[in-house]
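Going down the list, the sequences are from chains A and B. 19 is the number that the numbering used here gives to position 19 of the first sequence; each next residue is one higher, with no gaps. To convert a position in the second sequence, counted from 1, into the numbering used here, add 280.
Take these hints with a grain of salt, some might be off.
[Said to hold, decoys possible] Below, computed lysine to aspartate or glutamate pairings styled on EDC-like, alpha-carbon distance capped at 20 angstroms:
{"#": "1", "chain 1": "A", "residue 1": "K92", "chain 2": "B", "residue 2": "E450"}
{"#": "2", "chain 1": "B", "residue 1": "K514", "chain 2": "B", "residue 2": "E450"}
{"#": "3", "chain 1": "A", "residue 1": "K22", "chain 2": "B", "residue 2": "D411"}
{"#": "4", "chain 1": "B", "residue 1": "K285", "chain 2": "B", "residue 2": "E348"}
{"#": "5", "chain 1": "A", "residue 1": "K15", "chain 2": "B", "residue 2": "E351"}
{"#": "6", "chain 1": "A", "residue 1": "K15", "chain 2": "B", "residue 2": "E306"}
{"#": "7", "chain 1": "A", "residue 1": "K92", "chain 2": "B", "residue 2": "D367"}
{"#": "8", "chain 1": "A", "residue 1": "K22", "chain 2": "B", "residue 2": "D367"}
{"#": "9", "chain 1": "B", "residue 1": "K558", "chain 2": "B", "residue 2": "E572"}
{"#": "10", "chain 1": "B", "residue 1": "K559", "chain 2": "B", "residue 2": "E538"}
{"#": "11", "chain 1": "B", "residue 1": "K532", "chain 2": "B", "residue 2": "E518"}
{"#": "12", "chain 1": "A", "residue 1": "K92", "chain 2": "B", "residue 2": "E390"}
{"#": "13", "chain 1": "B", "residue 1": "K532", "chain 2": "B", "residue 2": "E572"}
{"#": "14", "chain 1": "B", "residue 1": "K418", "chain 2": "A", "residue 2": "E91"}
{"#": "15", "chain 1": "B", "residue 1": "K354", "chain 2": "B", "residue 2": "D299"}
{"#": "16", "chain 1": "A", "residue 1": "K15", "chain 2": "B", "residue 2": "E348"}
{"#": "17", "chain 1": "A", "residue 1": "K270", "chain 2": "B", "residue 2": "E388"}
{"#": "18", "chain 1": "B", "residue 1": "K354", "chain 2": "B", "residue 2": "D411"}
{"#": "19", "chain 1": "A", "residue 1": "K15", "chain 2": "B", "residue 2": "E386"}
{"#": "20", "chain 1": "B", "residue 1": "K405", "chain 2": "B", "residue 2": "D337"}
{"#": "21", "chain 1": "A", "residue 1": "K15", "chain 2": "B", "residue 2": "E518"}
{"#": "22", "chain 1": "A", "residue 1": "K270", "chain 2": "B", "residue 2": "E348"}
{"#": "23", "chain 1": "B", "residue 1": "K539", "chain 2": "B", "residue 2": "D562"}
{"#": "24", "chain 1": "A", "residue 1": "K271", "chain 2": "B", "residue 2": "E348"}
{"#": "25", "chain 1": "B", "residue 1": "K354", "chain 2": "B", "residue 2": "D367"}
{"#": "26", "chain 1": "A", "residue 1": "K92", "chain 2": "B", "residue 2": "E525"}
{"#": "27", "chain 1": "B", "residue 1": "K343", "chain 2": "B", "residue 2": "D367"}
{"#": "28", "chain 1": "B", "residue 1": "K559", "chain 2": "B", "residue 2": "E525"}
Hints in this document: simulated from the structure, not taken from any laboratory.
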Amino acid sequence: MKQAFSNPVLIKEIKLRFRSLKSFTGILFYLIAMSIFVFGFIMLTTSFTGTGYFRPEESFFMFTMLTYIQLGLILFITPGLTAGAISTEREKQTLNILLTTSQTSFQIIIGKLTSSIAFLLLLLVAGLPIYSLVFLFGGVSPGQLGIIFLFFFLTMLAVGGIGIMFSTIIRKTIVAMIATYGTMIFLAAVTGFIYLVITGMNSMATGTISSSPIGHFFASINPVVLILTLITPGSDNFITESTKVDFPIWAGYTIFYVCITIISIFIAVKKLRVNMKRTK
Amino acid sequence: MIEIKGLTKKYGSFYALNDLNLTLNEGTVFGFVGANGAGKSTTFSILATLLQPTSGDAFVNGKSVKTEAHEVRKQIGYMPDFFGVYDQLKANEYLDFYGASYGISEAEREILIPQLLELVNLSHKRYEYVDLLSRGMKQRLCLARSLIHDPKVLILDEPASGLDPRARIEMRDILKQLKGMGKTILISSHILPELAEMCDEIGVIDGGKLIAHGSVADIQAQLAGERYITVKIKGLLENASMFFEEDPFVSKVEIHIEKNSITFNYRGSEEDQIDLLKKALDNQLRIISFAETETDLEDVFMEITKGAK
Numbered sequence: 001m002k003q004a005f006s007n008p009v010l011i012k013e014i015k016l017r018f019r020s021l022k023s024f025t026g027i028l029f030y031l032i033a034m035s036i037f038v039f040g041f042i043m044l045t046t047s048f049t050g051t052g053y054f055r056p057e058e059s060f061f062m063f064t065m066l067t068y069i070q071l072g073l074i075l076f077i078t079p080g081l082t083a084g085a086i087s088t089e090r091e092k093q094t095l096n097i098l099l100t101t102s103q104t105s106f107q108i109i110i111g112k113l114t115s116s117i118a119f120l121l122l123l124l125v126a127g128l129p130i131y132s133l134v135f136l137f138g139g140v141s142p143g144q145l146g147i148i149f150l151f152f153f154l155t156m157l158a159v160g161g162i163g164i165m166f167s168t169i170i171r172k173t174i175v176a177m178i179a180t181y182g183t184m185i186f187l188a189a190v191t192g193f194i195y196l197v198i199t200g201m202n203s204m205a206t207g208t209i210s211s212s213p214i215g216h217f218f219a220s221i222n223p224v225v226l227i228l229t230l231i232t233p234g235s236d237n238f239i240t241e242s243t244k245v246d247f248p249i250w251a252g253y254t255i256f257y258v259c260i261t262i263i264s265i266f267i268a269v270k271k272l273r274v275n276m277k278r279t280k
Numbered sequence: 281m282i283e284i285k286g287l288t289k290k291y292g293s294f295y296a297l298n299d300l301n302l303t304l305n306e307g308t309v310f311g312f313v314g315a316n317g318a319g320k321s322t323t324f325s326i327l328a329t330l331l332q333p334t335s336g337d338a339f340v341n342g343k344s345v346k347t348e349a350h351e352v353r354k355q356i357g358y359m360p361d362f363f364g365v366y367d368q369l370k371a372n373e374y375l376d377f378y379g380a381s382y383g384i385s386e387a388e389r390e391i392l393i394p395q396l397l398e399l400v401n402l403s404h405k406r407y408e409y410v411d412l413l414s415r416g417m418k419q420r421l422c423l424a425r426s427l428i429h430d431p432k433v434l435i436l437d438e439p440a441s442g443l444d445p446r447a448r449i450e451m452r453d454i455l456k457q458l459k460g461m462g463k464t465i466l467i468s469s470h471i472l473p474e475l476a477e478m479c480d481e482i483g484v485i486d487g488g489k490l491i492a493h494g495s496v497a498d499i500q501a502q503l504a505g506e507r508y509i510t511v512k513i514k515g516l517l518e519n520a521s522m523f524f525e526e527d528p529f530v531s532k533v534e535i536h537i538e539k540n541s542i543t544f545n546y547r548g549s550e551e552d553q554i555d556l557l558k559k560a561l562d563n564q565l566r567i568i569s570f571a572e573t574e575t576d577l578e579d580v581f582m583e584i585t586k587g588a589k
């Protein structure tokens, strides 16, 4: 842990990031947008019902909306923060010098990844006071919020790892960005569509619902599905019934995204000094 | 200190380096001379562990760049021909980052950084943002960066490129100081006379092959053993020219009327050269001066690479 915090790349990246006006304006606009949504929603609801008070069910609905906004934020911002991490160094001609220092490839990659994740965590933490307004009106437990944040963190790590991997293996930042956003869209949208197609075809072909592990797998790795099952416990019964596979969605999601993170970091570390690869 | 054995780098069928062999002792300042694309930067990149050779190996202080790259990195300070800097870092922070990257403790870095900035005459720019420095200052800062871990070997790829004459002289003075510190320095430059002044040895590379290696004087002597002689004469230059042309060791006789002189290449020994001067005086040639002219490194380079092609 001490080594992680004394990582020179991490310290340098954090320093550079917080000296940039972009970071401050990013946080500012994020908080403004979130405040407008939350206070606007409360105002509209209380005015619309004419009762002047905010019900726990409405608070829960707001919590659900905020959670999906946060998920969208993670899926949208993480590739932007990580997909240029190595390729920008290459384009700015600072990578060669960095690679001749005593730092290992692992230290460099982890430094880059943690600095990006740290910025995203700051965004989430900065939004917590607004987020926690939901507790004022009931309907949501702090434990539920904690679990959701844990899965946010896992998703950030995985998408960040994918971004760093593409940034390492692809020379141009713009191409690395496209590849990372493409992967993110696949995970967030295409997997859900595949699940629907597989289960749909399965029931149409046989007339009855038969076991479909592949359909369950695609549902498990979809972050939108995961958040739904975390917000409304019991909603995963629908997936269990449609695929005839009784395996917790959160467990499948955790296994898959931990594997993705490890594989991405491994590839990035191995490919960072790609020119040092033995050639015959 | 540095041993290069059969170093070859191939890109498809193109040889960027072809069986390069070179040994340099500790404290040597080695100048690498070659045209663009000759293989200088490829050699330096391999020594800096940025590129893996196709075959052969290079050793820095006994450590292989292929199998002990991490150890090699601790021993070298590398300055590439083109490099960038981080926009939002100040000069002292820039050095601090690289110091930390070499595992130097914070306490040591605090002592080292002012010393290095002083060495490269940038003490007054300590708190300036790096991207706001001039090209020459950035080059000097990069040199200071390459020295932060006190490496035994410095690999400097075109350190004076793109600098104005003043910045070039400042860079040269710093390199002389480093030479005085006993560092082994490998330096490439397209400004050849500057290399001749500070290098103990030079290597001429062309088409990926080392075609000449030795001291500047040795390499000049390799020019087919020829010396370039200038004779200043009072009287008829044509007669003198005819006299020298008759000598079997003389070639390429040229008359320079405006300077009252004759120049020629001479292949004979020093004794033969003495005899030639004696005979000229006996033949009533009114000689004001008879001297060997130093050929500069550019002439040597042009001559050697012409032969290689």
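Structure-based check of all given hints:
At roughly 26 angstroms between alpha-carbon atoms, K92 (chain A) and E450 (chain B) are farther apart than 20 angstroms, so this suggested pair is violated. Only pairs whose Cα atoms come within 20 angstroms are accepted, and K514 (chain B) paired with E450 (chain B) is rejected, the gap being roughly 44 angstroms. Straight-line distance between C-alpha atoms of K22 (chain A) and D411 (chain B) comes to about 18 angstroms, which keeps the hinted pair within the 20 angstroms bound. Under the criterion of a C-alpha separation no larger than 20 angstroms, the hint pairing K285 (chain B) with E348 (chain B) is consistent with the structure, at around 16 angstroms.
A hinted pair counts as satisfied when its Cα atoms are at most 20 angstroms apart, and K15 (chain A) with E351 (chain B) does not qualify at roughly 29 angstroms. Proximity of K15 (chain A) to E306 (chain B) is assessed by CA-CA distance (about 39 angstroms); at most 20 angstroms being required, the pair is judged violated. The suggested pairing of K92 (chain A) with D367 (chain B) holds, with an alpha-carbon distance near 10 angstroms, which does not exceed 20 angstroms. With a CA separation close to 14 angstroms, the supplied pair K22 (chain A) and D367 (chain B) stays within the 20 angstroms bound.
For the given pair, K558 (chain B) sits about 16 angstroms from E572 (chain B) by alpha-carbon distance, which is consistent with the 20 angstroms threshold. For the hint pairing K559 (chain B) with E538 (chain B), the CA-to-CA distance comes to about 25 angstroms; that exceeds 20 angstroms, so the pair is violated. Between K532 (chain B) and E518 (chain B) the alpha-carbon distance is near 14 angstroms, which keeps this suggested pair within the 20 angstroms criterion. The hinted pair formed by K92 (chain A) and E390 (chain B) fails the criterion: a straight-line CA distance of about 27 angstroms is larger than 20 angstroms.
For the proposed pair K532 (chain B) and E572 (chain B), the alpha carbon gap of about 15 angstroms is at most 20 angstroms, so the pair holds. A distance of roughly 18 angstroms separates the Cα atoms of K418 (chain B) and E91 (chain A); the hinted pair therefore holds under the 20 angstroms criterion. About 26 angstroms separates the Cα atoms of K354 (chain B) and D299 (chain B), which puts this hinted pair outside 20 angstroms; it is violated. A C-alpha spacing of about 32 angstroms is found between K15 (chain A) and E348 (chain B), which places the hinted pair above 20 angstroms, so the restraint is violated.
For the hint linking K270 (chain A) to E388 (chain B), the alpha-carbon distance of about 32 angstroms lies beyond 20 angstroms, and the restraint is violated. A hinted pair counts as satisfied when its Cα atoms are at most 20 angstroms apart, and K354 (chain B) with D411 (chain B) does not qualify at roughly 27 angstroms. In summary, the hint linking K15 (chain A) to E386 (chain B) is supported, as the alpha carbons are separated by about 16 angstroms, within the 20 angstroms threshold. The straight-line distance between the Cα atoms of K405 (chain B) and D337 (chain B) is roughly 41 angstroms, outside the 20 angstroms bound, and the hint therefore fails.
For the hint linking K15 (chain A) to E518 (chain B), the alpha-carbon distance of about 76 angstroms lies beyond 20 angstroms, and the restraint is violated. Of the pairs offered as hints, the one joining K270 (chain A) and E348 (chain B) holds, with about 16 angstroms between alpha carbons and a cut-off of 20 angstroms not exceeded. Restraint check for K539 (chain B) and D562 (chain B): the C-alpha separation of about 23 angstroms exceeds 20 angstroms, so the hint is violated. Between K271 (chain A) and E348 (chain B) the alpha-carbon distance is near 18 angstroms, which keeps this suggested pair within the 20 angstroms criterion.
Distance hint between K354 (chain B) and D367 (chain B) is unfulfilled; the C-alpha atoms sit about 26 angstroms from each other, more than 20 angstroms. At most 20 angstroms may separate the alpha-carbon atoms for a hinted pair to count; K92 (chain A) and E525 (chain B) exceed this at roughly 60 angstroms. Our distance criterion of 20 angstroms between C-alpha atoms is broken by K343 (chain B) and D367 (chain B), whose separation comes to about 35 angstroms. A threshold of 20 angstroms between alpha carbons decides the hint, and for K559 (chain B) with E525 (chain B) the separation of about 13 angstroms falls inside it, so the pair holds.
When the structure is compared with the earlier hints, violations turn up for hints 1, 2, 5, 6, 10, 12, 15, 16, 17, 18, 20, 21, 23, 25, 26 and 27 and for no others.
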